[in-house]
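Engineer: Residue-level listing of the chains:
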Amino acid sequence: MPNSSSIAPDLQNSAILSWMDEFSPYGIITTDLSFRVQIWNRWMAEKSGLKAADVVGLNLLDLFPSIQSRRLGSRFERAIQGEVSVLSTALHGYLIPMASTVPEAGFMHMQQTARIGPLTAKHDALGTIIVIEDVTQREFQAATLRKQHEREQLLSWALGHLMQLMSTPRIVRELFYQIAQHYDYDGYFLYLRNENHLMQLSSAGGISPEARVEISTIEAPEKPWPTLFSNIPVIINHLQQSTVPSENWPRSLGIQSYLALPLSIGEVSLGALCFSSRTRSDIPADEIELLVTISQYLAIALHREQTEQQLREAQAGLHEHALELELKVTERTRRLREMVSELETFSYSLAHDLRAPIRAMSGYCDVLFEDYRSSIPEEPLGIIERLSKACLKLDHLTRDLLEFSKVSREEIKLGAVPIRDTVEEIISLFPEDYREAIQMTGPLLKVRAHPGLLQRCLQNLVENAMKFIEDGKRPEVCIRSELIQGGSKIGKPKFALPFSKAVFSESDPVESGNEAQGEWVRIWVEDRGIGIPPGGQEKIFGIFERGTSSEDFTGTGIGLAIVARAMERMGGKCGVQPREGGGSSFWLDLQRG
Amino acid sequence: MELSASQTDALAELINIGYARAAGALSDMTGHRIHLSVPQVAIRKIESVAGLLQSVVEGEVISVNQNFAGPITGNALLMLDMGAALLLNQLLTDRPEAKTLDAAGKEVITEVGNILLNACLGVFGNLLHVQLSFAVPNLFIEALDNVMQTLMKQQPELRFALLIHTRFHMKASNVSGYMIIILGISSLERLMMDLQKWEQGELS
Chain A
1 MPNSSSIAPD LQNSAILSWM DEFSPYGIIT TDLSFRVQIW NRWMAEKSGL
51 KAADVVGLNL LDLFPSIQSR RLGSRFERAI QGEVSVLSTA LHGYLIPMAS
101 TVPEAGFMHM QQTARIGPLT AKHDALGTII VIEDVTQREF QAATLRKQHE
151 REQLLSWALG HLMQLMSTPR IVRELFYQIA QHYDYDGYFL YLRNENHLMQ
201 LSSAGGISPE ARVEISTIEA PEKPWPTLFS NIPVIINHLQ QSTVPSENWP
251 RSLGIQSYLA LPLSIGEVSL GALCFSSRTR SDIPADEIEL LVTISQYLAI
301 ALHREQTEQQ LREAQAGLHE HALELELKVT ERTRRLREMV SELETFSYSL
351 AHDLRAPIRA MSGYCDVLFE DYRSSIPEEP LGIIERLSKA CLKLDHLTRD
401 LLEFSKVSRE EIKLGAVPIR DTVEEIISLF PEDYREAIQM TGPLLKVRAH
451 PGLLQRCLQN LVENAMKFIE DGKRPEVCIR SELIQGGSKI GKPKFALPFS
501 KAVFSESDPV ESGNEAQGEW VRIWVEDRGI GIPPGGQEKI FGIFERGTSS
551 EDFTGTGIGL AIVARAMERM GGKCGVQPRE GGGSSFWLDL QRG
Chain B
1001 MELSASQTDA LAELINIGYA RAAGALSDMT GHRIHLSVPQ VAIRKIESVA
1051 GLLQSVVEGE VISVNQNFAG PITGNALLML DMGAALLLNQ LLTDRPEAKT
1101 LDAAGKEVIT EVGNILLNAC LGVFGNLLHV QLSFAVPNLF IEALDNVMQT
1151 LMKQQPELRF ALLIHTRFHM KASNVSGYMI IILGISSLER LMMDLQKWEQ
1201 GELS
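Chains A and B are the protein sequences, given in the same order. Here our numbering is used: the first residue of the first sequence is 1, the next is one more, and so on. Here our numbering is used: the first residue of the second sequence is 1001, the next is one more, and so on.
For reference, chain A alone in the conformation it holds in the complex:
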């Protein structure tokens, strides 16, 4: 007796069979050796619409002749011989033609994967068994994913090309070939606004040359084809069947359906793009999404093209303007230089020509003073003395002016000049008892300068230091030098030209561009003199400026102007600052030699 907790084999078997018939989620068919249907389970009945009673006993291959015509009959033959066959949906679609279970998928039949094998009992073949799996839903989803993937690729391709800054008509042309591969369009039209803001056919594909000529000659395409220029995307289907007058024009081209895409940025319409088909009369709404996205990117690319064009034109205009300005400036500079040169020549000749008469006047005063002293009373003698002094002053003035002119005009060549030598030369020019007032401290370096000009500068500074001191005090001048990096950061260049306050940088031997680089030497000339009134540090290098209006000090006021000019010509700078403990510290900056 079988154990009550286990199931009898034949009960078990019939339970399983019953399950296979009623509940199996797969189609199960069995046949005998002549392929006559024995079992046709419930799944098969429901999905095929054929009841078991209608098919049992009939030859399966006769019931479904497409099996043979698709050359799948041999699988059944081989099953009888013991072979198991797998029939994949990708290669065959289906085995038994049945209605599709997913209508929206667009398959004509249910997609199936089937297995055919021998039905055996103890190694004898009894017939065949066929198991059918419905994979329609799975295949539909896979196809949808694939389509989506293709569309994304198309989109990224389009974007990639837009990024490459191709011209928009060219992009659309290439885009059309890509789109025509994936979607069923055979024509496209691209309209763009021209310079006169009129819509013009920029490019078209898939239409006959005659039609193209005809279309492109239409002046205002908005009239015959208003739909194309609406401001939202539009699908028109079944065009040939419609009688709407506004669609006469596209209808006459044989178009069955089309998609109109505006190309606009905000409110501004830049053009319109149309994809058309002469074979499809129905464009599904889900196709529109991708193409709308592409049209938006196209509009952006178009807008950018136009903006860039405008930018380029503006830049060209600016460039021209800049060139004009430069020319003007060069011209003006040239003229100013000429003027300055003339003025300098004038002042030179003036100073030069004045010297002779001044010397004559001075000479006559001396004659009067020496030869006729005894016969001239006190008062007129005093007048003659004052006259003589005035002549001397006039002489100094003209001499200094002459010096200034020379400094401005002379050709100079720069070389390495040891400061020490120059200072010693200067000291030697002073009377003996004054020499000890001039001290040099520390190592005095070499500078890149013109020896004559450098001497003139230092001499003027030292003379000033010796001259502008308080009554009764002994003069003290201290000269030293130090290395500094880069150009001087203290003070501004104080170069003044005679007769004008303009600052020039001439084409001197020293390039002003390299000022900030390299090593510089600062020469200090420091005194214990009367100092410079506050605010006067800049003005003092001006021509005819003196730090003091007092008559106690002789001086033409040109000395420092000469220093400033000479320094400028040597590519250096000069300046002054108050000295701690009284006096002034004048400095000269020159490149290290």
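These are calculated hints, taken from the structure and not from any lab test. Any given hint might turn out to be false.
[To be verified] Pulled a few chain A residues facing chain B out of the computed Cβ check, cut under 7 Å:
(1) 91
(2) 113
(3) 475
(4) 480
(5) 483
Since the model is a prediction, treat every value here as computed from it, not as a measurement. For each residue, glycine too, the CB sits at the ideal point set by N, CA and C.
With the hints as your guide, set chain B onto chain A.
Structural biologist: What follows is chain B alone, placed relative to chain A:
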């Protein structure tokens, strides 16, 4: 156990007959001209198969395997690496190249394996004048090592492997894989005996 040169040749010729049949079936099915190269055959102990194939087969392998029983018993596999499987799938179904093998793709490979294995085993069956019974083919995606380990564990009596290098040619491309027929010693001896008879039958 080693095969002599003439035995190798005979085996290759035999399998080639099977391949011709399989190629014909595949060509019929797809409408494309498909050709299978004359196979290169070798016999090895099953333990050494993984080591041998590791260098030619990369990463995970797709194996379609089908047990068979009758006068000779064993397991027959078609083994491809993922790249080969994807390419084969693409070539046969005319679909664009995929990065992974989806359900439909797996079915296609199963069917191809099934056709190939049936063709070869069918030829063996003819040789031995017997019917072999076949099981439903299964597809696995696994590391090569695991596949061999599983086989050795489940059917320890199957000690020898016929390694058959297989190359599909279609549409100016080719795809390579291996057919592996695993047999026990007595099945192998039986096969070799009948092979010799067949060979001699040919000559005489």
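Engineer: It remains to establish, for every hint, whether it holds in the given structure.
Structural biologist: Here's how the hints hold up against the structure:
no. : hint : result
1   : 91   : holds, 6 Å
2   : 113  : holds, 5 Å
3   : 475  : violated, 96 Å
4   : 480  : violated, 81 Å
5   : 483  : violated, 70 Å
Consistency note: the structure conflicts with the earlier hints numbered 3, 4 and 5.
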